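Visitor: Chain residues, written in single-letter form:
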Amino acid sequence: MPELDDITAPIIDLPFRFKRRPIAIAPDFRKDWKIALLLLILEICSRGGKSSLKRLHVINWAVRTTHHQHEFEETWNVDAPLFAFKVRFEPAFSRAIEFAEAQRLIAWVEGDRVQITQLGRTYAGAIIKKGEILGTEMAFLKRVGKSVTEFDATKLLTGAKIA
Amino acid sequence: MLRFGTLSISVTTDKGHFGLRHSFAPGMNILRANNSAGKSTVLRSLIYAIGLEGMFSPSQDTPLPHVLTDYIDLPEGDAKVSESWVSVELSNARNERITVSRSIMGTTDRHLISVRTGAALTDPDRAGASVDYFVRTPRAAISSRGFHNLLAEFMDWTLPKAAQFEGEDSPLYLETLFPLLCVEQKLGWGRIPARFPTWLGVRDIRRRTIEFLLKLDAYAIAAERIAVQVELARIRAAWSDNRVLAGKRATSMGTILNALPSEPVTQWPPEIPPQIFLASGRDWEPLPAHLAKLLLRQEELRREPIPTSGEDDSETRTALRDAEDALSQREIVLRRTLENLEAEISEADALQDRIASLREDQRKYKDLLKLRELGSTNSVEIETGSCPTCHQPVSDSLMDLGQRAVPMSVEQNISFYEEQFLLFQAVLANARAAISASEAQIVAMREELDQLRARVRSLRETLTSASNAPSIEALSERLRLEERITNLKALTTFFQDTLGTFANLTDEWNAALDRRRHLPPGTLSNSDETKLSDLQGRFQNQLNAYGFGSSDEKRVTISRSDYEPELTDINLAADAAASDVIRLQWAYLLSLLEVGVSSSSNHPRFLILDEPQQQSVEDANFLEMLKHAASIPDCQVLVATSHEREGIAALAAALPLIHLWELGDARLITKIG
Chain A
1044 MPELDDITAP IIDLPFRFKR RPIAIAPDFR KDWKIALLLL ILEICSRGGK
1094 SSLKRLHVIN WAVRTTHHQH EFEETWNVDA PLFAFKVRFE PAFSRAIEFA
1144 EAQRLIAWVE GDRVQITQLG RTYAGAIIKK GEILGTEMAF LKRVGKSVTE
1194 FDATKLLTGA KIA
Chain B
32 MLRFGTLSIS VTTDKGHFGL RHSFAPGMNI LRANNSAGKS TVLRSLIYAI
82 GLEGMFSPSQ DTPLPHVLTD YIDLPEGDAK VSESWVSVEL SNARNERITV
132 SRSIMGTTDR HLISVRTGAA LTDPDRAGAS VDYFVRTPRA AISSRGFHNL
182 LAEFMDWTLP KAAQFEGEDS PLYLETLFPL LCVEQKLGWG RIPARFPTWL
232 GVRDIRRRTI EFLLKLDAYA IAAERIAVQV ELARIRAAWS DNRVLAGKRA
282 TSMGTILNAL PSEPVTQWPP EIPPQIFLAS GRDWEPLPAH LAKLLLRQEE
332 LRREPIPTSG EDDSETRTAL RDAEDALSQR EIVLRRTLEN LEAEISEADA
382 LQDRIASLRE DQRKYKDLLK LRELGSTNSV EIETGSCPTC HQPVSDSLMD
432 LGQRAVPMSV EQNISFYEEQ FLLFQAVLAN ARAAISASEA QIVAMREELD
482 QLRARVRSLR ETLTSASNAP SIEALSERLR LEERITNLKA LTTFFQDTLG
532 TFANLTDEWN AALDRRRHLP PGTLSNSDET KLSDLQGRFQ NQLNAYGFGS
582 SDEKRVTISR SDYEPELTDI NLAADAAASD VIRLQWAYLL SLLEVGVSSS
632 SNHPRFLILD EPQQQSVEDA NFLEMLKHAA SIPDCQVLVA TSHEREGIAA
682 LAAALPLIHL WELGDARLIT KIG
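Those protein sequence lines, which keep their order, are chains A and B.
For the first sequence, the positions run 1044 to 1206 when the numbering used here is used.
For the second sequence, the positions run 32 to 704 when the numbering used here is used.
Hints were generated in silico from the structure; no laboratory data involved.
This structure is a prediction, so every number in the text was calculated from the model and none was measured.
Do not rely on the hints blindly, as some may be mistaken.
To be verified - Non-contacting residues of chain A with respect to chain B, defined by C-beta distances greater than 12 Å in every case (computed):
1) F1059
2) R1073
3) G1091
4) T1108
5) H1110
6) E1117
7) W1119
8) W1151
9) V1152
10) R1156
11) Q1158
12) K1172
13) E1175
14) K1185
15) V1187
16) L1200
Said to hold, decoys possible - A partial selection of chain A residues facing chain B, derived with a Cβ cut-off under 7 Å:
17) P1065
18) A1067
19) I1068
20) P1070
21) D1075
22) K1077
23) I1078
24) A1139
25) Y1166
26) A1169
27) G1174
28) I1176
29) L1177
30) M1181
31) F1194
32) A1196
Think of the CB as a built atom: it goes at the ideal place given N, C-alpha and C, for glycine as much as any other residue.
Start from the sequences, fold in the hints, and give me the full structure.
Guide: This is the structure:
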């Protein structure tokens, strides 16, 4: 019977190599996804395709997951205490805004507002027309529509009860 | 087999009686006449007489020209048609004859076909009485009074069931088969191999019809394959139902059913036989062993007399203390198990949440792929791998991954999620199994606790009762034991019965697997293959003879999947010259007839071709086709043509097999009286 070393030695006696494995990331953190969402928020939920950053963040947080969507609608439609829905600024969304601007899909206007460009509108229009992509997100955004004003966004952020 | 004999068309008008009568001979019949003499009318009348005009179109209108339905134009003015009929004599392989008559115009219902046995046109004295059958009404195809049923029977056809696009199966309608036997002039040509009535909603119409006409085993093989699948699925469902039932019954008695395979197996009993276990404390004990212990104890008790309460006061006290200790200890164990169960349940819930969010993420990734596709068609390319402003490499992530980490590509990420999904599913299944085991254990523990409590109660009663009375504890122990034994015996019987069921299911499973093993590996049997290569050989030879020029005829083969001609290098319908499409159609239908005649088949051994010289096919090729058709033995071919008179006359003179019906410049429907 061979010694254990005889069997294992040839296998172990090899130069070691380390390989970096790519890591999995959530679809929310992909640029395409976030930018598409940003364009849809501007196109469906914003007057004149224009909005403040603050308001965009509020709606982004609301649309993120079905759970968030549910919480937001509870707060929005029902006369419930505001603490049910807590908004956070998502750094990934801020980056998506920067990328979108660099790609000329949106542009900064009036100093602190973001507006969708013609190119952005064409792309958003194509997504909306196709219908099947971002189905639940689109349905939510359409339900919300343009009803969230800048004033509401501030109130949602500061935690004041909506009248 | 079906053979057309004498045809009679009669038209009654306000200017007298018109009509025609002609006897078709066995073998090759050529009807030659100039254009618009009424050739198509004759051939269409044959089809109309047997109620098969539904193969041309779904319309209920009469597919015959105005000469038979409205007016006949005469030099002295139109003659108005008041009534018209078509009758034809048919014969079959046993040389039986029937005569069918159908009204074209007039007061008689066109959905009726009168049938008389015998040759009522040529030998009316010996013909039978007339009986009416239905055609082209709902359910006429399946009713016993439906004409097509009678016709199928007359041809010795047993029509198979065909799947419909909607609703339940229908018989393979005659309308679906006749396009391979009769090519109509206006719409029938130019379709390979034929123009099928798609409006009948029969699935796989092309394959089913050829399979039937050539009596291929393919259909039976396909049907058997489906039947076996259905049978396997049924057994699997029965297996799983019985298993769930047995599991529930076992759990309700505080026992657990172990090692019963979750899927049907081929060997019964399995190597590790299924068993019922009982929870005893934290361990599990097989049911027979436990039952044996109980029976032993019962035997012991039976042997000793029932003690009175006074006799063993101190003993009773000790027993009571022991029972109380055991009770509190068991209660602690139960509480712990309950806590465990709680944890297991919340773990399963968490897993379910995780699976749901994985599903959500999977959906998002699928959308992401579509978004990219949409972006590229709208010239919006978001993920380029570099910064749109400074063009330095940028990872496809909005999250700060640290300097060196690289995100997976979207495709990698999708398959990663897929794996995760499967993994979590498996973990969840495990967690659920653990939950049901814990539940069974808890049921068993509760039962044990109940018994302990009863024991404590009766011991106490024994201590307080009169000293000469029989010990209540001793009595109730016997009763408890009795009840427990009865229950467990019932469970044992049930378990044995269940095992019997599984043994039967295993037999059925093996039988079904055996049937599956006996299916041929492909879709065709050996005899099918012989017939199809025969068809292919004849088909290729004829293509060559008819001057097929679009490709080398050896490259046109018969598909083994749908039995249609296919070409290795070109798309037949699109690339073949129009005249070659006609040659393909001739060759295919005639080969089908030849194979039908020369092998065991359902081919009725006739072919009707209305004006086959389409798309300016060269005369020589056309005459070659007629010659070939005339050479096929033991069949009937009816061809109508307006080919020039001398050519046909010369052909008929050279080949005595051809029965020529030359009309010259006359019309077919003429004045009779």
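Visitor: For every hint, state whether the structure bears it out.
Guide: Okay, the hints, checked on the actual structure:
Every CB of chain B is more than 12 Å from the CB of F1059 of chain A (nearest about 18 Å), matching its label as outside the interface. R1073 of chain A, annotated as away from the interface, has a beta carbon of chain B within 12 Å; the closest lies near 6 Å. Even its closest Cβ contact with chain B, about 21 Å, leaves G1091 of chain A beyond 12 Å, as expected for a residue assigned away from the interface. With a minimum CB-CB distance of about 7 Å to chain B, T1108 of chain A fails to clear the 12 Å threshold, and the non-interface call is violated.
Remark: the non-interface label on H1110 of chain A conflicts with the geometry, its nearest Cβ contact in chain B lying 9 Å away (cut-off 12 Å). Non-interface status of E1117 of chain A relative to chain B is upheld: no Cβ of that chain comes within 12 Å, the nearest being about 19 Å off. For W1119 of chain A, the condition that its CB be more than 12 Å from all CB atoms of chain B holds, with the nearest at approximately 22 Å. Against the 12 Å criterion, W1151 of chain A stays outside the reach of chain B, whose nearest CB is about 14 Å from its own CB.
Interface exclusion of V1152 of chain A from chain B stands, the closest Cβ pair being 19 Å apart, more than 12 Å. The Cβ of R1156 of chain A sits about 21 Å from the closest Cβ of chain B, beyond the 12 Å cut-off, so the non-interface label holds. Consistency note on Q1158 of chain A: stated as away from chain B, and its beta-carbon is indeed over 12 Å from all of that chain's, at 17 Å minimum. Its closest Cβ contact with chain B, about 9 Å, brings K1172 of chain A to no more than 12 Å, contrary to its assignment away from the interface.
A Cβ of chain B approaches the Cβ of E1175 of chain A within 12 Å, the least distance being about 7 Å, so the stated non-interface status is violated. No Cβ of chain B comes within 12 Å of the Cβ of K1185 of chain A; the nearest lies about 16 Å off, and the non-interface call holds. Look at V1187 of chain A: its CB is around 19 Å from the nearest CB on chain B, clear of 12 Å, so calling it non-interface holds up. The claim that L1200 of chain A lies off the interface holds: its Cβ sits roughly 21 Å from the closest Cβ of chain B, which is beyond the 12 Å cut-off.
Evaluation of the P1065 of chain A hint against chain B yields a held restraint, the C-beta minimum of about 4 Å falling below 7 Å. The interface hint given for A1067 of chain A holds, since its Cβ lies 5 Å from the closest Cβ of chain B, which is under the 7 Å cut-off. For I1068 of chain A, the interface hint holds, since its Cβ comes within 7 Å of a Cβ in chain B; the closest pair sits about 5 Å apart. Taking 7 Å as the C-beta contact cut-off toward chain B, the hint placing P1070 of chain A at the interface holds, the least distance being around 4 Å.
A cut of 7 Å between beta carbons decides the hint on D1075 of chain A: the least distance to chain B is about 5 Å, and the hint holds. For K1077 of chain A, the interface hint holds, since its Cβ comes within 7 Å of a Cβ in chain B; the closest pair sits about 6 Å apart. Taking 7 Å as the C-beta cut-off, the interface hint given for I1078 of chain A holds, the closest approach to chain B being about 6 Å. Below 7 Å, beta-carbon pairs count as interface contacts, and A1139 of chain A has one with chain B at about 6 Å; its hint therefore holds.
Nearest Cβ of chain B to the Cβ of Y1166 of chain A: about 5 Å, under the 7 Å cut. The hint holds. With 7 Å as the threshold, the beta carbon of A1169 of chain A comes within range of chain B, its nearest partner Cβ sitting at about 5 Å, so the hint holds. This hint is violated: G1174 of chain A has a C-beta 11 Å from the nearest C-beta of chain B, more than the 7 Å allowed. The beta carbon of I1176 of chain A is positioned within 7 Å of a beta carbon in chain B (closest approach about 5 Å), and the interface hint is therefore held.
Interface restraint check: L1177 of chain A against chain B, minimum CB-CB distance 5 Å, threshold 7 Å, status holds. Hint status for M1181 of chain A relative to chain B: violated, with the closest Cβ pair at about 10 Å, above 7 Å. Annotation: interface hint on F1194 of chain A violated; nearest CB of chain B at approximately 29 Å, more than 7 Å. Taking 7 Å as the C-beta contact cut-off toward chain B, the hint placing A1196 of chain A at the interface is violated, the least distance being around 22 Å.
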